[in-house]
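In order, the protein sequence lines correspond to chains A and B. Following our numbering, the numbering of the first sequence begins with 1 at its first residue and continues without gaps. Following our numbering, the numbering of the second sequence begins with 1 at its first residue and continues without gaps.
Quick caveat, the hints were computed from the structure, so don't treat them as lab data. Treat the hints with care, as some may be off.
[To be verified] Rough simulated footprint, nothing fancy, chain B against chain A, three-plus residues with beta-carbon under 8 Å: (1) 10-21; (2) 300-311.
[Said to hold, decoys possible] Simulated DEER-style distance windows between Cβ atoms: (3) A/Gln106 <-> B/Gln129: 49 to 55 Å; (4) B/Phe340 <-> A/Arg153: 34 to 40 Å; (5) B/Lys348 <-> A/Glu211: 32 to 38 Å; (6) B/Lys159 <-> A/Asn226: 46 to 52 Å; (7) A/Gln106 <-> B/Lys159: 51 to 57 Å; (8) B/Lys348 <-> A/Ser137: 34 to 40 Å; (9) A/Ala71 <-> B/Gly205: 34 to 40 Å; (10) A/Arg180 <-> B/Val353: 36 to 42 Å; (11) A/Ala71 <-> B/Lys291: 39 to 45 Å; (12) A/Arg54 <-> B/Lys352: 39 to 45 Å; (13) A/Gly69 <-> B/Lys159: 41 to 47 Å; (14) A/Ala71 <-> B/Gln129: 20 to 26 Å.
Bear in mind that the values here come from a model prediction, so they are computed numbers and not experimental data. Where a beta carbon is used, it is the ideal one built from N, C-alpha and C, also for glycine.
One letter stands for each residue in the lines below.
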Amino acid sequence: MADVILKGLNKRFGDTQAVSGLNLAIRDGEFIVLLGPTGAGKTTTLRLIAGLERPDSGRIEIAGRNVAGEAPAERDVAFVFQQYSLYPHMTVYENLAFPLKAPARQLANDEIDRRVREIARMVRIDHKLENRATRLSGGEMQRVAIGRALVRRPAIYLMDEPLSSLDAKLRGELRLELKRIQKELGSTLLYVTHDQMEAMTMADRIGILAEGKLMQVGTPREIYGNPSSLHVAARLGQPHINLLPADLLPGGNPPAGTKTVGARTEHLDIVAGEDANARVDWIEHLGDQNHLHIRVRDHKLVTLADPYLAVRPGDRIKLTLRDPLYFDAGGQRLG
Amino acid sequence: MSGRTRRLLLWIAARIGKRTGSPDVSYPQSSGDALTISPTSIVDSAAAATARATPTALARRVRGLSDRAIAWVFIAPAIILLLAINIFPLVWAIYLSFTNYRANRPNAVVETVGIRNYARVLTDPDIWQAMQTTAHFVFWTILLQTVIGFMLAYLIDRKFRGHAFWTTIILIPMMLSPAVVGNFWRFLYEPQIGLFAYAVSLVSGIPTSEIRMLGDVSLAPWAIIIVDTWMWTPYVMLICLAGLRSIPDYIYEAAEVDRASAWRQFWSITVPMALPFIMLAVLFRGIENFKMFDMVTLLTGGGPGSITEVASITLKRAAFESWATGRASAFAIILFVAVFGLANIYVKALNKVKQR
Numbered sequence: 001m002a003d004v005i006l007k008g009l010n011k012r013f014g015d016t017q018a019v020s021g022l023n024l025a026i027r028d029g030e031f032i033v034l035l036g037p038t039g040a041g042k043t044t045t046l047r048l049i050a051g052l053e054r055p056d057s058g059r060i061e062i063a064g065r066n067v068a069g070e071a072p073a074e075r076d077v078a079f080v081f082q083q084y085s086l087y088p089h090m091t092v093y094e095n096l097a098f099p100l101k102a103p104a105r106q107l108a109n110d111e112i113d114r115r116v117r118e119i120a121r122m123v124r125i126d127h128k129l130e131n132r133a134t135r136l137s138g139g140e141m142q143r144v145a146i147g148r149a150l151v152r153r154p155a156i157y158l159m160d161e162p163l164s165s166l167d168a169k170l171r172g173e174l175r176l177e178l179k180r181i182q183k184e185l186g187s188t189l190l191y192v193t194h195d196q197m198e199a200m201t202m203a204d205r206i207g208i209l210a211e212g213k214l215m216q217v218g219t220p221r222e223i224y225g226n227p228s229s230l231h232v233a234a235r236l237g238q239p240h241i242n243l244l245p246a247d248l249l250p251g252g253n254p255p256a257g258t259k260t261v262g263a264r265t266e267h268l269d270i271v272a273g274e275d276a277n278a279r280v281d282w283i284e285h286l287g288d289q290n291h292l293h294i295r296v297r298d299h300k301l302v303t304l305a306d307p308y309l310a311v312r313p314g315d316r317i318k319l320t321l322r323d324p325l326y327f328d329a330g331g332q333r334l335g
Numbered sequence: 001m002s003g004r005t006r007r008l009l010l011w012i013a014a015r016i017g018k019r020t021g022s023p024d025v026s027y028p029q030s031s032g033d034a035l036t037i038s039p040t041s042i043v044d045s046a047a048a049a050t051a052r053a054t055p056t057a058l059a060r061r062v063r064g065l066s067d068r069a070i071a072w073v074f075i076a077p078a079i080i081l082l083l084a085i086n087i088f089p090l091v092w093a094i095y096l097s098f099t100n101y102r103a104n105r106p107n108a109v110v111e112t113v114g115i116r117n118y119a120r121v122l123t124d125p126d127i128w129q130a131m132q133t134t135a136h137f138v139f140w141t142i143l144l145q146t147v148i149g150f151m152l153a154y155l156i157d158r159k160f161r162g163h164a165f166w167t168t169i170i171l172i173p174m175m176l177s178p179a180v181v182g183n184f185w186r187f188l189y190e191p192q193i194g195l196f197a198y199a200v201s202l203v204s205g206i207p208t209s210e211i212r213m214l215g216d217v218s219l220a221p222w223a224i225i226i227v228d229t230w231m232w233t234p235y236v237m238l239i240c241l242a243g244l245r246s247i248p249d250y251i252y253e254a255a256e257v258d259r260a261s262a263w264r265q266f267w268s269i270t271v272p273m274a275l276p277f278i279m280l281a282v283l284f285r286g287i288e289n290f291k292m293f294d295m296v297t298l299l300t301g302g303g304p305g306s307i308t309e310v311a312s313i314t315l316k317r318a319a320f321e322s323w324a325t326g327r328a329s330a331f332a333i334i335l336f337v338a339v340f341g342l343a344n345i346y347v348k349a350l351n352k353v354k355q356r
């Protein structure tokens, strides 16, 4: 385990700047999640750290050592690929044992066996150790891929959307499991995803990436409650944050220069009846909560409401802001 | 086109038309669809049009046939041809192998001799010699072609500059006719004027008159192996290349991060994953070289003496020089069973490898 520092990292593929001027310091034992849409440069960042791509410029330091010129094998990293990348002609056991058989750190056979079985139990694949890697379900392959990274104790674990191909239930379980394992081992982990739920629940710190640039880094609470820009605010929150013109709703206290008001559920007060300024278009019932689709003049809003709120589609309601987020014309946060 | 043929075609078209279901469905539904009309809908509407053009009486008669019957009508010509030119001669050869029939004496009385032909073939030292020569030839050609072919494929797969050009160059020998190759190499092997002897003597200093590739007892088998390897290594390379190209890059990336050295990647990923393809190439070359005839005939004709006389040449001599048709048939059956049996065992092994 070690600190990993990225300084002014640049990588261009043809006409697209995949990563530009990226700075990030990952502390020892930290779980960092890079969150961003497709094509934001998340995977490229991981591949640069692993050494599968060479940066055009910038420094990558692992444990204080500049590794820019080193091959992946010398960098002491473990990688979980999005497409599993299991060795198809080997059994689960052989797949898990493969990283331990590097001549650089030759382990005794019974030590390898002990480690493989321990990790297999951890990722709950120990009942299929003798199966061919290709004879597994998607979820099982994914667990083997994670296990293959975990058998080693590298400086940093790099994970590229490792849970993306699992069903929701298994994803939820493995999310908790992965966080538990990371805490237990005290490992440094850089995790890439476009799922805000994974980011919010697992990360010590979240980095928001867009178009190859790191927009903001902070704890999940900071990123959610105190976003530095419109873009960051728009990445988190379910339902999506409502972006409204400054003068649409009463109740706020917009500073000078406010162009856009960002209002999530907790920034909106709903009162049914008197002084109505909005209308409920329709209601989506999710069971434990409702999505309210609201129309204010010609703007549409979506907000959460508890299922006992007595409104029906077509009802007039009064909507007020409560301490929302303010952004200027350039999308930067104000106030 | 005769009336009967036309009726048959109409009948087939009617069957196809019937299977596409209601013809109206395949027409474009709106003006927008007309722009994106797909090839299948063109086929569908053509089939529908043909179906409509079929006389009702004919269509009704055809509808009585099951799909199974239609399938049989389609494959019957191929099956009849296969029976006539493959299966019948095989059965006939099996019959002849139990007789003393001689093809140059068609009027002589044919007697059944039981398994005497087989006994004679299996105890004939000349035939065992020929089998050994064949085995030697098959073993070395397969070994050399697989090793060199795989190495070439591995190099080409590095995708260096101009690799496509070099692939084409390497493939040229395979595209030549064996007759041409045999004649060319006979000239190349010529001790006095041949380039091969000249080149070897230039490198080794041995006088050209002593490099008699086709005339020397110890060199002649190797002369044939060299030519066959020269000609067919590209074929093996092509199959191996297909195997190497089927290994996805991300497997190598995973191995690299897992700190496997290039050597270990080669042996634990490249070779095992390309193995089914390599085995397939070996199977093709093995069957092909077991019945090698043309190149040997053109280069040495089995000589000097009978040192390069492979099984197929012995067989040809028994059949068309000694005219012992019965005995030759027995030998042919033995060869057939040997190749068939070996190939079967091999294919089982191949399937096992592929299933991993």
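- Message: For a quick check of understanding: which of the numbered hints are violated here, in increasing order?
- Response: The structure conflicts with hints 1, 2, 4, 5, 7, 8, 9, 11, 13, 14, although it agrees with all the remaining ones.
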